Every structure is written in structure tokens, then in C-alpha cells.
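Going line by line, the protein sequences match chains A and B.
Every letter in the first sequence is one number past the one before it in my numbering, and letter 116, counting from 1, is 116.
Every letter in the second sequence is one number past the one before it in my numbering, and letter 6, counting from 1, is 568.
In short, the hints are calculated from the structure, not lab data.
A hint or two may mislead.
Unchecked claim - Example chain B residues on the side facing chain A (calculated, C-beta under 10 Å, incomplete):
#1 I576
#2 L621
#3 W674
#4 A848
#5 N933
#6 R1008
As the list claims (entries may be wrong) - Using 30 Å as the maximum straight-line C-alpha spacing, the simulated DSBU-like pairs for lysine-lysine come out as follows:
#7 K30(A) <-> K592(B)
#8 K337(A) <-> K883(B)
#9 K337(A) <-> K241(A)
#10 K759(B) <-> K337(A)
#11 K899(B) <-> K918(B)
#12 K356(A) <-> K592(B)
#13 K899(B) <-> K366(A)
#14 K299(A) <-> K265(A)
#15 K366(A) <-> K759(B)
#16 K883(B) <-> K858(B)
#17 K265(A) <-> K356(A)
What the hints assert, rightly or not - Stretch by stretch, here's where chain B covers chain A in the computed footprint (C-beta under 8 Å, at least three residues):
#18 12 to 25
#19 263 to 276
All values reported here derive from a predicted model rather than from experimental measurement.
Ideal Cβ positions, reconstructed from N, Cα and C, are used throughout, including at glycine.
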Amino acid sequence: MQEVIEFLRHNEVVLLFLVMALGYLLGRIKIGWFSLGTIAGSLIVGLVVGLAKFEISPIIKSVGFGVFIYAVGLRVGPQFFAGMKKDGLKLVTMSLVACLAGFAMVWAASAWLRLPLGIAPGILAGAMTNTPTLGAAEQAITSGAVALPSGLTAEMAMSSVAVAYAITYLFGTVGRIVLFKMLPRMFGYDLAAEAKKLEASMSGASAEDDPYSDYFSEFAAQGVRGYRLTNQQLAGHPLKKLQGHLPDHLVIERVERGGQVLELKDDLTLQAGDLVAVSGHTSDLIHGPEVIGPEVLDKALLDITGEFIEVLVTNKQAVGKTLAQVGRAAGFGCYLKRLLRAGVEQHVTGGMRLMKGDLLFITGAKTHVDRLANYLGYAVHRSAVTDLFTLAVGMVLGSLLGAVSVKLFGVPVSLGSAGGLLLAGIVISFLRSRHPTFGNIPGGARAVLEDIGLTIFIVVVGLTAGSSVVEVLKTSGPGVFLVGVAVTLVTALAPWLWGQYVLRLNPVINIGACTGAGVITAALKAVSEEAGSSLPALGYPVPYAVSTIVLTVMGYLILQLV
Amino acid sequence: MEAVIGFLRDHEEILLFLVIALGYALGHIKLGWFKLGTTAGTLIVGLFVGLAQFEVSPLIKSIGFGIFIYAVGLRVGPQFFAGMKKDGLKFISQSLVTCAAGFVIVWLCADWLKLAPGIAPGIIAGAMTNTSTLGAATQAISSGTVSLPAGVSAQVASNNVAVTYAITYLFGTVGLIVFYKLLPRMFGYNLAQEAQKLQQEMSQGVAEPDPESAYFSEYHLWDLRCFELTNPALAGKSLAELGRQYPLAVAIERIKRGDRLIEAAPELVLQLGDLVALSGRINLVAQAAAVIGPEKPDQQVLDMVAEDLEILVTNQEAVNKTLAQVGSLWGRGCYLKKLLRSGVEQEVNQGLTLHKGDLLVVSGISRRVDNLAQHLGYAVRRSATTDLLTLAVGLVLGGLLGAVTVKIWGVPVSLGSAGGLLLTGIIISFLRSRHPTFGNIPGAARGVLEDIGLTLFVAVLGLGAGHSVLDVLRSAGLPVFLVGVAVTLVPALCAWLWGRYVLRLNPVIAIGACTGCVPTTAALQAVMEEADSALPALGYPVPYAVSTVVLTVLGFLIMQVV
């Protein structure tokens, strides 16, 4: 045993990832429907292994946390701004109710019970299962923003945060999943029936596409089909002239004669027996057999490179033109799928005028699409490569923002690097949604940064706090647990009542919003199962984003107030 | 200035990301066709900022490097094993010749010029632009595997490695790019013409589509179209009856009767006037108008989710059945695109018997292919979520593997954490390519881990070595630079001569393989520009994988030999 510990002391990388692997295993173990989850799992393994007293440089923690919280900002950014619009504001108030209730309770409890410094933010983080709060509190302690009472080391305070988090997290998850499942029934609602009613009243609305999913809708409004030319009227004419004989919007993409693909030139003359690939709207393509000849399937003919891209309108020549004009100028063989203006999907008509910054989703054969993109402005190719420059700049700016301190009533208050980085992530993801020429970060990359940053942070917190776990447990264990239970229950009940009696939300949306206000995704899943519908998710994103932000800043603030 | 340095000293995470941001900015500056690249950029900025003597925990360096090298292993894994098959042996020999040439030159020069410890591996790493060699060498020094001469501390030796790397890297990139752009011309080849010739020879082969790409082929095996039922012979028949009458390669997916959508079920009876959504092989669907009635593209009835699903055969009930049997049992509406056995695509025919572990790529409506997957085994869905458990386990195993020491002729030799992690990455990605039920890591996530790991590693490396730059430059700058030039050019030339005149590779492939031997991705990009084609990339992956492994081990070995 001693040898293993020595080995790990010399191979800290192995130590870190070992704790991470064990934590993930622990977090995945299912007891009935409950599993700890990877975060609590990693923290607990870290605390146990940390009993052997490892010292890990705090910079690891800061970098891991920084990457994590910035990635969270990138994720919640678009929802946060959606919440600022008129419908979203109602949902924002649900968050505020939940967070303020939690904050007030923790504040009162720690004053009354004289809880040691660090316990308060730990309870807030655990009982409301918002891990960024933990990081914010940790930053406040180690950066010296909080004056520690004499006799208390920063390490002890940090242990209190971590242990309080671990103690309260369990009920924060399990308790709320059960509570949220039962709440609507306690108020006389049958969630499944309500969801059916709601679904009927809003049918026709479809969920937004997930850009990362593998699925596509099979209804292709346009496509490419191949025909064998048998219509003698078309034979013998040069291609240029021929285009006029075809139904509107049908475009000849490729011609194959005797097994050879011919180059498309304006003076190319078609012959009977040629194979012709034609693109167009399906409603036009179905006339192909009458106009050209029988449909054929030929790989060499139809293996044309197609492309689906987003184009940002930036060119002067395109701005102010109607879609019909653009179509005539450069749109040959291209198909417009959607048009977003300031992030909002527009109803598309031929008379609509383009504005600078419009985002067009275009598909068609690559040669045509590339030409149109050149005409309009900037083609945003979906790329798997993360723009690390923007990432690094964002993180520098976020940290700097967090270091700025302002005096409020004589007390120096600052966002802390957690708040700063979160805000930087939000702003950058918002800017990118409007102007996607910079800062590319694919969903998979963002998620892995969030996860790995968080786990590294949590593991190091666990390892360093491990040495004083026993002491903290002895001095304040049961009290902390009970306060945690109270905070969990009250912060779950308060937004429900607010949504029910003040905002008068539909119960299905209300319960979804409650899970968001309490930042607990597992409960959203439970509630959706209960409703037999994904509708509760409609209420979830905005309060989730707002609560994440508010609770993070509170983790920093509460230490300065308590 | 002092205040800024003091601030950065207190906020090391800001320091790190600042160096990365500036390094990326520097690396992106274009001088004509030349760019420094982000790795060299970050290193140079790090060295420069490091003049102010920052001390950043080496653990960041180890974690960054570990993640980076493991991710590289994941990337090259599948190609690495492809290289083991007969064609790849040529590439492997080319790579070995190159590495051996570099090793010999460095060894001789180090002996002759009596270079200080750490310089030799630094030259290999820099002149042959293989950053993982750097990690292997610093690891050999810090772990104490190498006995350093009296008076030389481990710190000095590692700084030597880093500074030498920085001195030689510049020519290793710039010089090599120019050299490889000119080389084919010097031997009388016009790369662009050669590439065109080769393209024509190879045009039979079809490239594998990149799942993250926005491009697609307009050629589909199957299609979904909607017809109006006008043939009285079909009216009044149930789908079960029709199923016995018509081939398996078409399937009715759904019908629309009036305004009502009805999902397909065996007992559903068709009526005149129904809109029928029919999926099937295109040649059959194209003729369906003659059997059913005129084509009527109706958005509502055709709006179904379809996908290309990878299915891993694991169920006993499917093993040893022929494709024909599987098709008649569960295959209606599912279209087999290809079948991979042990990673090799098989010729598909009806009599082919399924083995456990076969991977089938099947297209069709989601409901159908899902059903098929349940009967055959396991549906492999590309997901944006990284399996962090496998990642952590892989990193632990790699670290452990690298720590194993074997005595060869009394000299303790170990892979070092670089070699161990690289090998583990290769093995895990290979296993995953055969059995994709674990260890999911999307390309974008792998890419960002590689990039961020590398830049963190390089930034800390630079910061740590910065203050000794001037010393090294003064004492050993010019000879080291000149040796570096030789080590860049001679192995590069050997690779070309061996590939072209011993192995008789096509010049386009040979030059691509050369850039892999060295291994410099930037040079590959330059050569591809020169050839105006992506074909050189075909020669790249195998030598790249081999050279990366060999040079990494050599970096470790040379410390023990010199």
C-alpha cells in the first residue's frame, strides 16, 4: 500500500486519472433508479484517496475549473439571451425565486448555527446541485477575497466547502427527483393527462433540429435524379438552348455518354441515349420521364458532390437585393432551406430583401453552392476544428473581468473568476450565434472540455480536502445535512408555488421550469417520464441558464457576507 | 510592467491562456505563403514571456502532454494497423530509414561536438518536428532513468532539450516545407500533372465520406417517394399480402388517407386514392409509378426520420444466418450499404453468413433500422458525448505502461509515458474500430483535447525554459542550429530517395509519405497545395504513425546512449 501511494505521489498524472476513472465507475453504479452521477462519484473517491494526503498544485484546479465554467457559459449563452425576451422573463423570475430562497436560508442558517466558514457555499452548491458554485467559493477563498478568521487556514475552509457539498448533494439529487415527481399530483394534476391536453393545443409545432444528430428528415424538397434521354425534341440542341425547354428550376448537372462523363459546356449537344442527371424540386422532377425519358440509376452519373452550408451575407453586391434577384444572379442549381436574421428564422418569400448579417442555409451541387456563397459573402463550413485562439482570448478576458473589484457600500465586491469566465463564455457564444465567422467550437469538443475540466477540478478538490474530511464531519456533519435537506425542499417548492399562483403557468411547463430553476437535469428526465412527453423540457432551458449564473455568483458573494 | 508581471504571477491560469492566445496570433501571421504554425508560435511566445522567470507547476505540462499524446494515439490507431498489412510495409521501411538517418546524424554530431546533455534529443524533436520526442526526453531526465554527468542538474538538462528544440524547430518547419515543395521539381516531376494522372487511374475507387463534412454525394442507393394509388389491382389488399407478392427491396412506410396519416402495419388495407410513401432501391422505386400510380410528393406523408445506422452483430439468434435469411426475417425497408468484418469491407451477397462482431451499415427509416438492430445486436450511434471513463482508464494504463522498465544489456529501457500513452491510445482506438460499443470520442472532442493538451504543454515548456534561452544561445546556438539543418534535410532526402528509387512509389504518393516520415503536417499541406490535389495524403498516415512512435522512443533512447 505504501509503495502504491509513493508511486502515485511521483506520478501525479496517473493519480489524477485513476481517481477520475474510479469516480466514474462509482458514479455509474445504479441502485434501483438512482446513481450518484460522475461528479459526486469523483468527489467521493477523491476525498477517500485524499486521506493519504496528496498535495496537488492549485493551478491544476484553476485551469480545470476555468475551462469548465467557460464551456458552461458557451452552452447556456444562447438560452440566457432567449430568456431576456418577453416570454422568457416569466421563467427568469422562477430562477430568481429559487435562488433567493436558497441564499436567504443558507445565510440565516449559517448565522444562527454559527457554521464554520465555507459550509454555507458548500450547502448552496450541494443542495441545489450546482457545481460551479463550489468553484466560485474556492476561488474566493484561495484568492484572498475573503478574510479568514484567525486559526482557520484556507485549506480547512476549502475542506468545509467540499465536505458540505458532498453531504448535501445526495439529498439534493434524490430528494428533489422524488419531490418533483410527486408535486403535481399533490396539487391535483395528472401530469400525463395535462401533457396530452397541452400537446393537442400546440400541435404542429416541431422540435428544433439538433445540429449534431445523425438524423435527417427524409422529405427532400429537392434532389437529383438521372434519366435516359429518349425525347427526340431535346436531342440535337446545345445545352444552353435546352435549358429553356425544361420545366422551371430543373438544372442539368451532368451528362454521361457511352460510359464517359462529358464536360458541361454551353455548346454541348445532347444525343438520344445520353444519360442526364437533373437537379430540381421533387414536384418538378416527377415530370422528368415525360420531358426527358425513363429514370435510370447509374453511379457514375449520380455521384455528384453535394454540399449543405451556411452562408453569412457580407458582400455589398448582395445586400438590399431581393431573394428573387439573387436567385437570378447566382442562384442557379442552389436551394434555400432556411434563412435566419439576428438568430430568428424568417418566413422566406421571393420578394424578401437580404440584409447584412443574414444567415442562409443552402444546399445543392457543390459547384453551384460555392458560386452562390462567393456572391453572397462568407461560407461557414461546419468544421470539426476548435478555434483555440478565441477560446484562449475568451478565457483571458473572463479571468480579467472576474478580477475587477468594485466597492459597494465600502465592501469590495467582484464577480470572481467563476463569474467572469461564465459571463465571457455567454457573451462569446452569443456573438458567435450572430456572426459565426470566428470561435468555432463543435458540440462534442465543448462538452469534453466541460466534462474533463470539471472532473479534474473536482478530483483535485477531493484530493486536497481529503486530509481534513474526518474533522469537518465530526464538527458539523448532522447539522449540515439537515440544513441541506431544508434548502433542497424549500428551493424546490418555492418556484412551483410561484409558477402556479403568481405566473399561472401550465403545470407541465411549470414543473419543467422548476427543474431548470433548481439546475437538476436528472429531475427533468424523471418528470418527462412521469408526463410521458418531452413537453416539460420547454420550460427548462431558460431558468437553467439563469440559475447556473446566479448561483455561481452567489457562491462567491455569500462568503463575503457571512 | 512590474505590476503586470506580479498580477500574472498571482493568476497563473491567466498567464497560461495569455501565452496561448498570443502564440496562436503569432502562429497565424502569414509571411507570403509561410506561417509559423500554432505550436511554434506558442513556444516562442512562451520562451519570450518566460524571460520574466515564471514558475508554473510541471504537473500542467505532464497532464497536457499526456492528453495530447494519448489523443494522437487515438487518431493514428486505425491507420497504424492498416500499415501492418502488406502495402504498408513499404511505408514502414521508408519511415524507419528516415528515423535511422536522423538518429545516426545526431549521435555522431553529439559525440563529435561534445554537445551538452539534452541537446541531442532536442535536435531530434525540433529538426524532425516531433513534439512527443520532447516529452519523452524530458521524462527520461526527470524520472532519473538517465545518469547525468556531475555538475549538470536535471533542470539544466531539460532546459537544454527545450531550447534546442526551439532553435531547430524553425528550420525543421520552414526549411522542410520549402525543401519538399522543391524536391519533386528537382527530380523532374511536375506534381500537379502527376497527381492528375494518378487521379484518373484511381477514379474507380470511392472515398469514404467524412461524417463531419458538409459534403455528400447525390448518389443514393435508396429513396423514399410518394405515389397516389390508382391501380385497382392493389386496392383492398393488406400490406401483408402485398409483402408476399412484391420484392423485399421495397417497403410501404406510411400512407395518407384524406388528412389522416396511418403508419404501416401488416393488417393495413389499401384503398384507391391513398397516398403511399414507398421506400426502396432506387431502380425499383423509379418503376413504382407503373405499379401504384402517379408520383405525388406530399411533404406530410414523406416527413420521416431516416438514418444510416451502424449495427454490430452480437446476438446469438443472428449469428450464422445468411444475409438472405436475415433479410426475409427482419430486413424489409432496410438497405445494406456495406458490411465490415474485422475492419475489412466484404463483398456482399445473399449467401454471406453473419459472424459475431460483423459491422453492418444499414440505411432506412429509423423505426425499421432500429428494429433490425435489436434483432442483430447493438446499434452504434455517433454521439457528441465523450466516454470519459474509457479516456481516464486509457490514460492510467498508458501512464502505467510507460513506467514499466525493462533491462536490455543492463541499460534500463522503458517506453516512457509518451510511448506508453501513445501505444495505449493506438490500441484503444483499434479495439474501438472493431468493437464500437465503448470509448466513444467524437472527432471534434479528440481534436480539441489534442490541441489544448499540446498548447498547454508547449506553453509551460516555453515559460519554464525562457530564462535560460540566452545562456544556451550564447554557448551553443550556432552549432546546434547547423546540426539541426543537417538533421532536417538529410533524413528528408533519404526518405524521398528510398521511396522513389528503392520502393518505386508513385512520386505523388512518395512525397506525401515523406512528409509523414518526418512527420510534418504543415509540409503535407504545402505539398498538397503544390500538387493541387489531396492525393499526397494517401501516403501520409502510416509513415506518420510509425515515425511518431519510433522518434518518441528514440528521444528516450538517445539520452541513454549519448
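Outcome of the hint check:
{"no.": "1", "hint": "I576", "verdict": "4 Å, holds"}
{"no.": "2", "hint": "L621", "verdict": "5 Å, holds"}
{"no.": "3", "hint": "W674", "verdict": "36 Å, violated"}
{"no.": "4", "hint": "A848", "verdict": "4 Å, holds"}
{"no.": "5", "hint": "N933", "verdict": "16 Å, violated"}
{"no.": "6", "hint": "R1008", "verdict": "8 Å, holds"}
{"no.": "7", "hint": "K30(A) <-> K592(B)", "verdict": "54 Å, violated"}
{"no.": "8", "hint": "K337(A) <-> K883(B)", "verdict": "43 Å, violated"}
{"no.": "9", "hint": "K337(A) <-> K241(A)", "verdict": "29 Å, holds"}
{"no.": "10", "hint": "K759(B) <-> K337(A)", "verdict": "38 Å, violated"}
{"no.": "11", "hint": "K899(B) <-> K918(B)", "verdict": "18 Å, holds"}
{"no.": "12", "hint": "K356(A) <-> K592(B)", "verdict": "28 Å, holds"}
{"no.": "13", "hint": "K899(B) <-> K366(A)", "verdict": "23 Å, holds"}
{"no.": "14", "hint": "K299(A) <-> K265(A)", "verdict": "22 Å, holds"}
{"no.": "15", "hint": "K366(A) <-> K759(B)", "verdict": "23 Å, holds"}
{"no.": "16", "hint": "K883(B) <-> K858(B)", "verdict": "39 Å, violated"}
{"no.": "17", "hint": "K265(A) <-> K356(A)", "verdict": "34 Å, violated"}
{"no.": "18", "hint": "12 to 25", "verdict": "holds (count 10)"}
{"no.": "19", "hint": "263 to 276", "verdict": "violated (count 0)"}
Hint compliance for this structure: hints 3, 5, 7, 8, 10, 16, 17, 19 are not met, and every other hint is.
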